[in-house]
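Residue numbers (our numbering), protein chains in the order written: chain A, 6 to 116; chain B, 12 to 125.
Hints were generated in silico from the structure; no laboratory data involved. Some hints here could point you the wrong way.
[What the hints assert, rightly or not] In silico contact screen, one side only, chain A against chain B (beta carbon under 10 Å); selected entries:
{"id": "1", "residue": "GLU37"}
{"id": "2", "residue": "ARG48"}
{"id": "3", "residue": "GLN50"}
{"id": "4", "residue": "ARG58"}
Note that the structure is predicted; figures quoted are calculated from it, not measured. C-beta: ideal position from N, C-alpha, C; glycine also.
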Amino acid sequence: AQRVTQPEKLLSVFKGAPVELKCNYSYSGSPELFWYVQYSRQRLQLLLRHISRESIKGFTADLNKGETSFHLKKPFAQEEDSAMYYCALRGGGGSNYKLTFGKGTLLTVNP
Amino acid sequence: NAGVMQNPRHLVRRRGQEARLRCSPMKGHSHVYWYRQLPEEGLKFMVYLQKENIIDESGMPKERFSAEFPKEGPSILRIQQVVRGDSAAYFCASSPQGREDEAFFGQGTRLTVV
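Let the sequences and hints guide you as you build the complete structure.
This is the structure:
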């Protein structure tokens with residue numbers, strides 16, 4: 006069965022510092038990985054997906070199949086990046102809609 | 012487009028009562044998904060519905076939980092005879108026909124059973 010692990014429940018950095026939110030996964034097939042973000046009192050929204058290989062709000066994430074990781078990185082954190090971040094994997098059981106989420110990492114960027 | 016709307020945002024129920032959670036999908040979306048997030052856990056898939064059809068309910072608890080998505084009106088997740096263990100955040104997502112891989116989430120409903 007597929008699994009997504011986010012080892013850090015809380016992560017605190019200072020403004021301008023680099024930030025890396027870790028995500029590891031286990032999946033038998035070819036995974037599709039995502040990062041979702043939930044700002045305070047807002048909707049859970051898609052931040053980026055590995056297949057698009059884009060940078061959103063300065064964040065990037067590279068799928069490393071050898072290490073089964075999909076870590077989220079940003080070189081210079083901003084206070085507005087403070088939010089809950091979830092790594093998710095799609096697939097499994099023959100479905101293209103079912104998402105498996107990690108437990109999330111609460112990022113706090115201090116001034 | 013207001014996005015996926017869930018109400019209420021917060022719901023408090025006593026043990027044994029019924030909880031009804033509503034989800035209005037984005038305009039033009041005909042597919043709805045419900046996820047549950049227990050304390051200290053990630054979101055877990057519960058059920059996938061299209062208008063008037065349950066497509067996949069593999070994540071739904073076998074008893075007390077039901078979901079519907081009628082031809083008119085919002086999708087409803089219904090929990091009968093709630094217990095403390097049902098306390099969680101319940102998220103709804105929707106997607107357009109043929110784009111099941113592109114789901115947009117609501118803000119969630121936080122259910123507290125006292």
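Close enough to count: is the Cβ of GLU37/A nearer than 10 Å to one in chain B? Constraint on GLU37/A satisfied, holds at 8 Å.
Under 10 Å is the threshold here; is the Cβ of ARG48/A close enough to any Cβ of chain B for the hint to stand? At 5 Å from the nearest chain B Cβ, ARG48/A passes the 10 Å test, so the hint holds.
So, as I understand it, the hint says GLN50/A touches chain B; can you test that by seeing if any CB pair is closer than 10 Å? holds, 7 Å
Given a cut of 10 Å on the nearest C-beta pair, is the interface hint for ARG58/A held or broken against chain B? violated, 17 Å
Hint 4 from the list above is the single one not met by this structure.
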